[in-house]
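Peer 1: Chain by chain, the residues:
Protein chains: 2
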Amino acid sequence: MPTYKAPVNDTLFVLNDVLGLERYNNLPGFADATPDMIEAILGEAAKMAEEVLFPLNYSGDQEGCTRHADGTVSTPKGFKHAYDAYREGGWIGLAVPQEFGGQGLPYTLHAAVCEYTSAANMSLMMYPGLTQGAIAAILAHGSDEQKKTYLQKMVEGTWSGTMNLTEPHCGTDLGLLRTKAVPQADGSYKITGQKIFISAGEHDMTDNIVHLVLARIEGAPEGTRGISLFIVPKFMVGEDGSLGARNGVSCGAIEHKMGIHANATCVMNYDEATGYLIGAENRGLNAMFVMMNEARVSVGLQGVSVAEIAYQNAVAYARDRLQGRSLSGPKAPDKKADPIIVHPDIRRSLMTMRAFNEAGRAFLLWTALKSDIAHRATDEKERQTADDILSLVTPILKGVMTDKGFEHAVMAQQVFGGHGYIEENGMSQYVRDARITMIYEGANGIQALDLVGRKLGLNGGRAVMALFKEIGDFCEENRNDEKLSFFTKQLKKGLNDVQAATMWFMQHAMAKPDNAGAGSTDYMHLFGLVVLGYMWAKMAKAATEGLAAGETAREEFLRNKLVTARFFMERIMPETALRKARIETGAETMMTLSAEAF
Amino acid sequence: MPTYKAPVNDTLFVLNDVLGLERYNNLPGFADATPDMIEAILGEAAKMAEEVLFPLNYSGDQEGCTRHADGTVSTPKGFKHAYDAYREGGWIGLAVPQEFGGQGLPYTLHAAVCEYTSAANMSLMMYPGLTQGAIAAILAHGSDEQKKTYLQKMVEGTWSGTMNLTEPHCGTDLGLLRTKAVPQADGSYKITGQKIFISAGEHDMTDNIVHLVLARIEGAPEGTRGISLFIVPKFMVGEDGSLGARNGVSCGAIEHKMGIHANATCVMNYDEATGYLIGAENRGLNAMFVMMNEARVSVGLQGVSVAEIAYQNAVAYARDRLQGRSLSGPKAPDKKADPIIVHPDIRRSLMTMRAFNEAGRAFLLWTALKSDIAHRATDEKERQTADDILSLVTPILKGVMTDKGFEHAVMAQQVFGGHGYIEENGMSQYVRDARITMIYEGANGIQALDLVGRKLGLNGGRAVMALFKEIGDFCEENRNDEKLSFFTKQLKKGLNDVQAATMWFMQHAMAKPDNAGAGSTDYMHLFGLVVLGYMWAKMAKAATEGLAAGETAREEFLRNKLVTARFFMERIMPETALRKARIETGAETMMTLSAEAF
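Those protein sequence lines, which keep their order, are chains R and G.
Quick note: the first sequence uses this note's numbering, first residue 33, plus one each step.
Quick note: the second sequence uses this note's numbering, first residue 33, plus one each step.
Pulled out of the complex, with its shape left as it was, chain R reads as follows:
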């Protein structure tokens, strides 16, 4: 039977010991997030994840969603009930300003909570997850009237939200999109076109669905400069907030997917549906990017979540399954065989997953804290630096943690041997669910291009220089501490590799941009290794300090942190040299063959 336990102690270690959240209590909402409060909230979130969401994960996958002849969609048994519990717990609005019905707590805390809930039931959590993205876009770009009309209900969760970008012929290249918007006399628009891959596009959980839709106003310029963003509610909303007639939007089909079966991925047909412009005309991509950036952090989070639940199940199996004897002599001589956790190759797998999960959690929360600072700090410079780094690392968090999330779900499944291939044991679902995270919200190749082609050069490389400096300073400050010097030395090697690769791009990709594209995925992973290595070095420092302070209650926990940090630096970090070598081979060979020759 699959199992899940929210790693509350590890989250607390990151928030309190590594990030020192208390130091930020001058930020709005942070003063309320005292250590006790955080622990209480995480405890409640853990209960919600373990007891309400997780028990429906496997059954939801097996049952999937059903579209009925009238275009309505049913979610799996128990989903609405669990969603209501989540909604009523106030979780959707945890970090939304109080004036819109939220609790105004740190987004960092929200991210910590979502790691648990997404691990417990990724498909279910996508319904409120999409709502949160839509809330962010309306908060950033909506008019006061739009905020008043939609936000309260969405924060309550009685209405949900969606993002409508993709069309059959256009995914990454949104400039090709054809959905059209015709202006009406009353200031609204009639929206017509087809959108595909719309997560939570139609379902039975909420009274209304607020679709955010990219479309082209008649006569607008071609390409990405002629795209606007519209709010298209499923049911029309009266001035008093009451629901009126059905709008001209409907679900034409739900997709038959490899995973996330319990989330309805819809083909949405817009047939002169009434829509309301949000943000400026032809600036829709700009507004949509607010949602996308937040969504990309959330998808990176899903990578961490699925890797964590897969790891926990692999550990449980490895402790329990008896097979063969330890190479160094029997460890369970009273039994017919040893548990497979004694075998080094199983250890290698478990330690690899563990090393990424713990650093991934730190990376996620560190990124979320940058987002809080970028949005809430009073000091302009502090806000800007945080925003720079947030913007730089978002594609890394998304691309690396989902590539690794999937790879490690596969690794965890492998621990089960043949039993991992049987659906009832749950591991297949983690693999199938994890697979989508590498694709949606911008396939990982696009994340890598975003990093190399856009984020690196932004403002003269201000962000990347700031982050390299932060990591370099950390190495420098701690290199003479004998307890930390091993970690900082390995981290410095990785930092040197990513700096050299960055320099290589500057020298070779300006004149020949294919050299940037050819190395982009390797660069994203190289950078990811360095950021994760930085997280491990920070965690090693926090653990060392905790041990030095004589923390007996957490002694084993802190010692294990140091062991896992060492494992990461020994086994994982050397990959930076390979990534750098690949980048430096450039594009020439791979671009030689004609398209017909493949």
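No wet-lab data here; the hints were simulated from the structure.
Keep in mind that the hints are not guaranteed to be accurate.
Heads up, simulated DSS-like pairs for lysine-lysine below, C-alpha to C-alpha not over 25 Å straight-line [said to hold, decoys possible]:
1. G/K501 - R/K544
2. G/K524 - G/K501
3. G/K368 - R/K368
4. G/K544 - R/K363
5. R/K212 - G/K524
Starting from the known structure of chain R, fit chain G onto it as the hints suggest.
Peer 2: Showing chain G alone in chain R's frame:
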């Protein structure tokens, strides 16, 4: 719509130009395999794969197998018909000696054919695939009477075969198995127990099923030394070969799996079923290993197959899908966007897959040729050397080509973006099907242990020294050829790494065996890279010679070989240094945590 075309020209290049099959026409069966004959057979196999097997691949996955209340199992629509066409074509016995109804052609040719048929329909091909393994075991260990009773029908394909090893509590560790065999007065045995994960255990394609079953004769020693192998026919066979009563073996359930839905994976219940000892008492594992070694080559082959079909579909999509513009300026200015094959990151993916597929095909056929030499050469020394290398590389072929087969099925799926996640587009099936190849016939961690713990040290390291010498000699002989020196130099670096890692094991794993286990998976992949690099160097040499001979008809084909060889050496080969570095960190860190600490 998914597509598949058997890569006949590439196979011919490997067989004729790289392996020089004609040089072996002194071996039994090889004289019949003239170049013209080989081309004709591959052409027929391609037709069978493309026109008969492939059209049922997706529908078979969607429909799956059905177990009925009476324990019978139906395969998907069309499967029996396609199987009959395959059977009637005489493909099962292609390499079986003529005296047992086969055609006695080279096993190498059989492997070439199976690459196509497995790519076209892996699930369907497992039915005759298991039969071939059973044939091999009966050929090697059966009595004359057993051969007479079973082989003809199995070679014809009117009876099929299975391998019954795994029990619920015992997979890798066969010493734990409990199925018991009670001797009867007539020399037969009554077999009782439960076997799980039995591929093709029950189905509607053949008149009889010949189960090969591991069981423990009453009073036999504990552990692996007390295991015997039995033939248990589904229907009893009369002296005249006619079918009699149903034996006491039945399918209790079929598994609900992540993939290979069209192959019936059965729970088989043995209830005093009549069985016949094959080979010597208590030497069952020995006999089973004949099947397993052949089966491991076949599973490595499946890795190549699934990677090839996934690659072909990714190529087709990348040529067709219009999205974005080339970084170096529009390539299809008449269209709204360029085909995505212009993007370097897509090229990187396609070239990576291609480089592994072409080298994987060469590795497979080179290994198969070793098997032919080991079984058919008249010179004892030649047989022994071939057998040594076959035995050494079998776990590498199985482990590396299936890890890569899966990884590259995922990579091919990624090229499709969101469309890759939709079942109808076929990519999900390749990923789900490929996943089992890393698990069955010994999970890849077990292959790595077999390599490091058993194969390396066999006969004082005779096999590994012979192979290192063969590769080293190749580098030495060609290092002054300026057209080849780049390739041999890179190959030599890899060879140095695998030699150093081997030395490290000798120095550090004798006293502390966990050091071998800790590095085993990295070592298997390191060794695999070197063997694949060797294949690329050999292919580069053959291509260079072809070009020098002025082969105009194949000029582009041969030039593309050199480009792909270069890509492999530039981008893939440097991974050997990382693998070596990981091995040399040893087991200490990963073995530190207590089992409870995970």
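Peer 1: Are the hints correct? Go through all of them and say.
Peer 2: Do the hints match the structure? See the list:
1. A C-alpha spacing of about 42 Å is found between G/K501 and R/K544, which places the hinted pair above 25 Å, so the restraint is violated.
2. At most 25 Å may separate the alpha-carbon atoms for a hinted pair to count; G/K524 and G/K501 meet this at roughly 11 Å.
3. As the CA atoms of G/K368 and R/K368 are separated by approximately 67 Å, the hinted pair breaks the 25 Å bound.
4. About 15 Å separates the Cα atoms of G/K544 and R/K363, which keeps this hinted pair within 25 Å; it holds.
5. Between R/K212 and G/K524 the CA atoms are separated by roughly 60 Å; this puts the pair beyond 25 Å, and the hint is violated.
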